[in-house]
Each structure stands twice: as structure tokens, then as C-alpha cells.
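Each chain, written out:
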Amino acid sequence: MDDSTILSITGLRLVSIAGNVIVDNVNLHLKRGEVLGLIGESGAGKSTIGLSSMSYARAGVHIAGGEVVLGGVNIRALDAEGRREVRGKRIAYIAQSAAAAFNPAHSLMDQVCEAPVLHKLMTRPEAEAWARELFTALDLPDPQNFGSRYPHQVSGGQLQRAMAAMAMSCRPDVLVLDEPTTALDVTTQIEVLILLKSLIRQYHTAALYITHDLAVVAQVADRIKVLRHGKEVEEGLTQQILHDAKQDYTARLVAVRGAAASERASGATVQPEKVLSVQDCHAYYGDFHVVRGVSLDVQRGETVAVVGESGSGKSTLARIITGLLPPRSGQIVFQDKALPPTLQERSKELKRTIQLVYQIPDVAINPRQTLREIIGRPVEFYFGAGRAEVNARAQELMTLVELPQDYLERRPGQLSGGQKQRVCIARALAAKPDLIILDEPTSALDPLVAEEILTLLRKLQRELGLSYILITHDLDVVHRIAHRTAVMLQGQFVAFDSTDKIFENPEHPYTQKLITAVPEMRVDWLDEVLAKRQKAAA
Amino acid sequence: MLAGALVMRAQFFSYRSHLMAKLIVNRLLLGILTLFAVSVLIFVCTQILPGDVASAVLGQGATPEALVVFRRELGLDVPAHLRYWNWLVGALHGDLGVALTNKRVIIDDLLPRLRNTLFLAGYAALIAIPLSVGLGVLSAINEGKWSDRLANVLTLIAISLPEFFIAYLLIIFFAVNVHWFPSLAMVSGSMGFSERVFQTTLPALTLTLLVAAHMLRMTRSSVLSVMSTPYIEMAFLKGAPRRRVIVRHALPNAAAPIITVIALNMAYLVVGVVVIEAVFVYPGLGQYMVDGVSKRDVPVIQACGLTFATVFVLLNTLADILVILVNPRLRHQR
Amino acid sequence: MKLFGHKLTASAAFGLAVVGLFIVISLFTPWIAPYSESANVGGTWDEPSMKMIFGADQIGRDMLTRMMYGSRMTIGVALAITTLSFIIGILTGLVSAVMGGYVDVFFTRLVDVMLSIPSLIFALIILGVFGSSIPTLIMTIAVLDSTRVFRLSRALGMNLTVMEYVEAARLRGEGLWWVITREILPNAWAPLVSEFGLRFCFNFLFIAGLSFLGLGIQPPYADLGGMVRENAAAINFGMMAPIYPATAIALLTVSVNLVVDWMLSIDARPSGAQAEL
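Residue numbers (the numbering used here), protein chains in the order written: chain A, 7 to 544; chain B, 742 to 1075; chain C, 155 to 431.
Incorrect hints may have been included.
[Claimed, not checked] DEER-style ranges, computed between Cβ atoms:
hint, chain 1, residue 1, chain 2, residue 2, range
1, A, Gln498, B, Lys763, 33 to 41 Å
2, B, Leu769, C, Val257, 25 to 33 Å
3, C, Leu181, A, Pro410, 44 to 52 Å
4, A, Pro410, B, Leu872, 54 to 62 Å
5, A, Ala86, C, Ile420, 26 to 34 Å
Calculated from the structure, these hints are not laboratory results.
A virtual CB, placed ideally from N, CA and C, is assigned to each residue, including glycine.
Only chain A is shown next, with the shape it has when bound in the complex (with noise of 0.2 Å):
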């Protein structure tokens, strides 16, 4: 590794149109093939920070101040034609969403080959040439003609290596990398993850990785710096970050991945009592087979978790227990009594008992209503109460979920994420129902906020009794509050264990498949799975 700086920020300072202060006198330094992470939560600023190193702001941020050296150029002095030299040729980015990055009316090779020949370092024959390379090194499939097909023709994860290829078509000596593998489900993003990393250590390039998830990081960068509220935190090599954090807040980024699965859940809630048993369902959307033949059982106070990717068909088995889509075939027991498939046959009682909370609490709560509408409708509706009665169950839903009494009158939009979803969790609980089916409540939360809210539904099973069942892609946090676990893949369990054995012993292909592609707070995480491959390829 050379010790040149190749790219030098100094003093950033960004601002909204509307004046508030995005991000705050940040400076950042990279050398020549290293590798710096750019960690932190919503609203850090990171992405911002990553545009700007190409000396670009979206509309309503305004670059106010700060130096953006690269390669010895200041290109925040430069003007308007320099800085478009710059882009594309000297620093590149890859978006988090490449479907969205890709132009659906041209072709993948066209759109890969533009920026070196718009910036005149190859012609058009030698940039196809070496697309062609790129797309190998990437292991598409058919590389010496992928690049005739169009956006909406491959799949995600070939789309998002298409956009590192169309990155490094002019051998750029930065590349900004902003939240690449952060769409992608957890064993496609194993894979890109190890493709990147060996793109970014074979052309010797340096990057800039922006990225939440500190686990996923660790894997590829040299550094880290810590960014909180778009003010820096801490910086330091990884292996430091990891293990020995300076600063309180980094601490707690770190553990909340933590190998130690601290609060394994215990089973003390947990009662013989079977409050649902779904049995042999199928279902289909039009003709196609979805669900096939899932069986599951729920006891009184467990937690039984069902893990699955996209299209696995888990968001599909919430919707069937709920009654917004009715089985083919099967049936669901529901303390006992046989539950019938649609909603509207089911009793108001009935529809009282099991409650949903969903994954994106912005939309899960009525924007125009106040608290204490949301969650004193259900007290109204299911109960019959007066108004007084009302408003003091409101009161005792607020001390359960810990949000403090006069939020009663405000609407959801001046709350946070973490705090929109207690106000769902307590809307749930506001009908006292036995079973509530989470899907995916803590995927749009930060990771601090995420392991709030499960803390939270900890406690609220072990005070109440609640049984719960958790649609999540996320192991961790199956690991953290789940009694047993169901494994699902294309419509069907693989595999249906306690959380521990599930863990311990993956007997399924699948389920091991999965356990493994979650990244661990290790530096050397990956490269282990990249040799337990090779090793299983020999």
C-alpha cells in the first residue's frame, strides 16, 4: 500500500435549504487502496457525506463549507465543467439501489461503457473489452453477452454488480460505495459483499464504504470512523473499533451485534397451553403456489419466529392467520376452536384476540390522527368504552409501551421511528389480545432503537403473557427474543426446532446456508468463509 492521500476532505459542513445543519466540520482522509467505513445510524449524514466527496449535493442540501481534496486537486474550487471531469473518472459511485440507478431504456452495456468514453480513455471497443473483463471478475452469468440485456431483465443482485462494474469502467481512484448490499437478501449479500472486496483489492482502489451495519463493514474496511447526528464520533483502525471502542455510543453499535447472545430468551413465559396451531395450510395468489403445506403451533407467553428471504412466502403465512387471505386447504385451531378463513366471518371477538404490528410504522398509524385517537379506537371499538374509560386505559398503554403521557396529544409525525413503533405496539395491545403476529417490526429501525423495542416486547411478554409470532429475514434478531424457530423457503418449513438447536445443529442445507451468510463482529469473518468454501470445493 502506497502512503499517498488520494482523498482528502477538510472541515465539511452541509446544510438543508431549509437551514438546519446536516452535517458538521467532518473531515476525512483516505491513502491509495485503503479502505475507510462510514458507519452510523438514519440521519447521520454518511450518504451526504459520500456525495459530497464528489462534490455533489442533492436538491435542498447546499455544500456550504469545506476543502475536498482529491489527488491533490481541491475539487470544490474548480468549476463546474472541472468538477464533471472528475465524476465518474477519477471517483466513482455505486447507489444503494441499482435498480433504481440504471436507466430502463438503454442497455447494460451501454450504460457500463458511457463514462470512460464520454471522459475519452477508451473507445468504445476497448471499454466493451473491458466491461466484458469486469463482468467475468464479477461472475456474471454469460459475461461476453450479458451486456446486451436490459435493467428490467436480470435479477437484483446481478443489477448491483452490474453498477461495480459500471464503477470501476474508468479504474477510478475512489470509489464511493453507498450501502450496496443493504437491499439485498443475506446470502446474495455474501456474495457481493466478497466480490467487492476482492474488486477493491485487485485494482487497488481506494473506497469509501457507507453502511449501517457495522458487521458488514468490518468485513471490508481498514478503518472506521463513527458518525452520529452528521458530527464525527470516533475513528480508528477496525480491529480497534471492534474491540476496544473509546467512545459510549461506538460501544454500543458494537454490541448490539454481539456474538453473545446476551438475552438468549429464557422459556420462563413459555406455558404448555397451545393458543395456535396452523395446520397443513396452503395457499395460492391466483394460481400460484405460495404457501405449501405449513404446519406451526404457538403456546401461551412463546415466541415462535419464522425466518425467511424475500418471496419465501412468511409475509404471506401472516396474512392467511390474520384472515386477509383465506387457505386453499387447511385449517388454523385457535384456543381450540377452528378459525374461520375469512376475515368476515371471524367475530369481533375473535378479530379482537390476534393483532398485527407491521414493519414500517410510518404507515402503520394514521398520520392525521392524534395518539390518543390510534390507540384509544380499539379500547372504543372492541370494548364499547365511554369516553373516560378511554382515556384512562390510553394512560396505562402509554406507561406500558414507556412513552411519556402528553405525547397523548401529538400525531405521529413528530415522533421517531422507535417511538411510531411503541405507539403500534401499544395500539396492539390496546385490544388485550392473546396473539400478536409481528412482521418484521424492527427491519426499518435503526439497529440502538431495534434492540430497544425488543427489550420492550421481552418485557411486555413476561408482564402480560402475550403470545408472539415474528416474521423476520433477521437471525440476530431471532436469536434475541424467539422460543423456536421455523426456517421457511419457498413456501414450505425446512426446518421447524428450538432456537438453540436450531442454531447449534442446522441439519437443512438451507438453514446452514443462511446461519452462515449472517456477517459477525470479526475482522476475519469473511475471509473464514471464503476458505471454508474453497475447502469445500477441493
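Based on these hints, arrange chains B and C on the given structure of chain A.
Chains B and C only, in chain A's frame:
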């Protein structure tokens, strides 16, 4: 062997454009179905809804004898669905019946007037479409700058003005004050082309102003929404210059919404034509219909309504088909 | 200057002022008009004077008085039309969006067919058969216009129906009425209000246009479009008589559009075209 190659080519071709061809055929069928539905609707409104058409048209003061005569002339003694069928079949053969008021054969009066109206609308469209789409794209590119804001205010005013207001203003400026153009558009069948163009310039200009303002605004917002997409940002981040981004990246994706905008505004054109023809006393289909309406001449009203609606449905169908043709996802199948 | 917490632009302020003026005039016409509605105070197309600020119309009545009564009539009718159209459109649109199924298909197809005939043509057809009384005018144009309100409400409803809080309400077992009025409607107000302004302008112009063709509001009622028609011949003599009522029409529509445009720009986000490169 040649036959084999042709068959293979046909198969390959049909597979590639299979979905697109299916969509186009579906849309055509929908268009034909819509035409039928529209004819039914018109018939229902004119002959069934009023209950007793005779008293509705002739009013309360009509004598019983007049009512009987009216009913016989309109053929109201025949059951409704037969009447509809006769009317429709006749229309498809070019026979739109006979006017109630002056006993003339409708199709003889309608066709030349339709030609005139189409000429006027075409004239206006020819100027308006390139002008407003071009200015709309420019406006979107310069969003926020003073030129864009000026265009915004001017077009806002233009779409708020009634058609006859614009017409009278133009007449005052160009006909009364400077005598460049005639204030009444007198066209006749025997007129030469350039004479016809001269006579219809003022009304065409009025129509143009009317429609161009709408089209400009809609084009602008279509292009703006394309400019806000992530792939446009990506193109800028690759270092592409503004012109290239707009021409190569934005416009191909804005084509579909712009085509839709143009089709929508052809509707405005049809509506505007009627009033403009009244102001300039232009012998077009609009005038004919307005006359028919004020005289309560039911067959004329039906015939004109059907003609206008047909033109409109055809335009919309054409626009939708064009949108299908430019869709990149359909042009390149999985 | 601020209104409802948002900054007013110069054009919006102008628009509001003019709209306010028209509202006041229309409400209080019988008390503030200089002459009575049909009083003859001068000769045909008299020039503007101290007695008659805008001169006289084609049979010698005061132009200003006629314009005031005309505004009152045209605005009143347009308002009635728009209100009725919105009631019909919002109800059918939201019910279609929430219920889906056959109800939705029925209304959507019906509206599609109705929209296949340009509104002026459709209106002419109906008026030709039923005549141009004021109730007929109001009902016909309201029903025709409600198709557009239907489309908008339905689109809004479809967007909102997939929101999880609507699903949560349905899972509870809330009835259709609750879902529409308490969950969906409060979130659909903003675009509907600005649409009301736009439709009002359109209906106002529509009525004026119909009256101009002689098929709208019939004499002896004063109405701005009819006045343009009655005074049209003055143009040939170089007199401005029809311009006054036409300008009144234009002024009101421009003002309403300015206000609506301002309302729409409040919510608008800066588009990608304004990124800093």
C-alpha cells in the same frame, strides 16, 4: 430451406414482440368496444333518457298532433333497441339520417364541415405541439430560473382565459387594428390551399394559444418528474454533461408521458374548436352541432356527437398504442 | 406575509385579493349595484362616463350593474356545479377504491366511457334534448365533471387503501363508512381542495362558454358569458363592450388559478433538476 428459415424467423419475431403485439391488439379491441359503448351512451341520452323525446323537445305547449308527427318523423314507434341498431348500422354505412329542421341529408352537410374542422384543428396542432413540447422541455431544464418562472406565470394566465376572450383580443389586434387577417373565417370548398390557410390563421392561432399553454405545463411537469429519478442522478455522477443527460437519458423516458399529454390536449382542441368556430363564424362541425342543439334537432345532435366522439376515441387509442410502442420494457422482453 | 403558516407570494396575494373582491360583490350585489338589473339608463353602447363606469350594453343598460349581477349568477352556478360534482365524485371514487370488486369495475368502466366523449360535446347533446334550464345545466355539468373528480378520488383512495393503517382498521372490523371518513378522507383533503379550485375555474369557464354559444344561462338572467355574446357585434365598430365581461371572467379565473398554484407549490419538493453539480 428458405421456408424453414422464414418460419424460424417468424417464430423468433413473434416470441420477441409477443407481449407487445398482444397489448396493442388488446388496446385496439378496447378502442372498438369503447366506440360501441359510446354510441350506446349517446343513443340512450338522446332517445331513452328523456322518456318521451317528443314532449321533451317540443315542450309543454305542444299540441297532441304535433307530438304524433314528431314521433313518426323520428321513428319513435319502433322499439328502442331496434332504433339503436338501425341507427348504428346506418352510421356504419355512412347514412346518418335526415335533419329534422331542414330535411337535408345529414351526411352531406356533415362531411365537408368535418373536413373544415379537422383542417383547423390540424393547423393548430401542427404549430402548438412542437412549440409547447419544446418550450416545456426547456422550461423543465431551466427550472427555478427566471425564464421558467416567467413561462409559468404566462401559461397560468393563458389557461385561465376563456377561448372567446383570446379570440376577441386577437381579432382586435390583428383584424381591426392592423387588418392583417380577416375577422371572420370564410372558407368554402372551392378555395385554394393558401387562401384557406390565410382565412383560418387567426382561429388557428387562437386555438394554438389555448392548447399550447396546457401542453407546455404538462410537458414541463412530466420532464421534471423524470429528472428527479435516481438514474438521472447516476448519469450526472458519471460525469455526463447536462445536454447529454437530458437528450440521451431523460427524453427517452419522458416520451411516454409526453405522448399522453399530447393526446389529452387534443381533447382540449376538440372542445376549443366549437367555441372558436362560433366566434369566427367558421363553417365547421362545431358550428353545425351548436346550430343543431339550439334548434333541438335530435338526429343532427346524435350524428355530430357520434362523430366528435369517434375522432376522440381514435386519437386516444392511437396515443395509447404509441405509449406501448415506446416502452423499453416491452421492446426488450425477458 | 403569512397565511395559515405559509409564506404568501405576490401573485398569490393578488389572486386572493381579487377572489375576495368577487365574493363580496357577488354576495352583496342587490345592495351595492348602482342600478337595478334591467334598468335602461343610456343608449346602445354608450361610451364610459361618470354615470356608467364601463359604458352601456347593447340595449342601454349599465354595463357595470349587469356585470355585477352576471358575476353573481355565473359564480353561483359554477359553485353549485362544483360542489355537486365533488359530492358525487368523492363518494363514488372513495367507495370504488375501498370496496374494489364489481363496484369498482362498474364505476370505472362507466366513467371511462363517459370520458371518451369530450365534455362540451356531451353537454351539448344533453342540453339539446333537455333544454337549458338552470337546474338542468347544473345537474348535467355536475355529473359530467364528477367523472374527473371520481378519477382523482379513486386514485387517492387506491394509494391510501394500501397504507397499513387502513388495513389495520379493516382488520379491526371497521365498517366502510368509518374507513372512508376517518381513515382515508382526512389524508386526502389537500389534493382535493386544490382540485376544487381548479374544477371551479373549469366549470366557470365552461358555463361562460356555453352561455356565449347561447346554450347556457338564458336571458333575462344576466350572465357574463351571455353578455359577451350579446355585445359581440360591438367589436366590429371598434368598441370594447364585450371585452369588459370577458375580462371579468378572465380576471376571476386567473386569480383562482394563482391561489391554487400557490397552494400546490407549498407542498412541492425541490426537483432533481436543482441538484448542486
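Q. Quick check: which numbered hints come out false for this structure?
A. none
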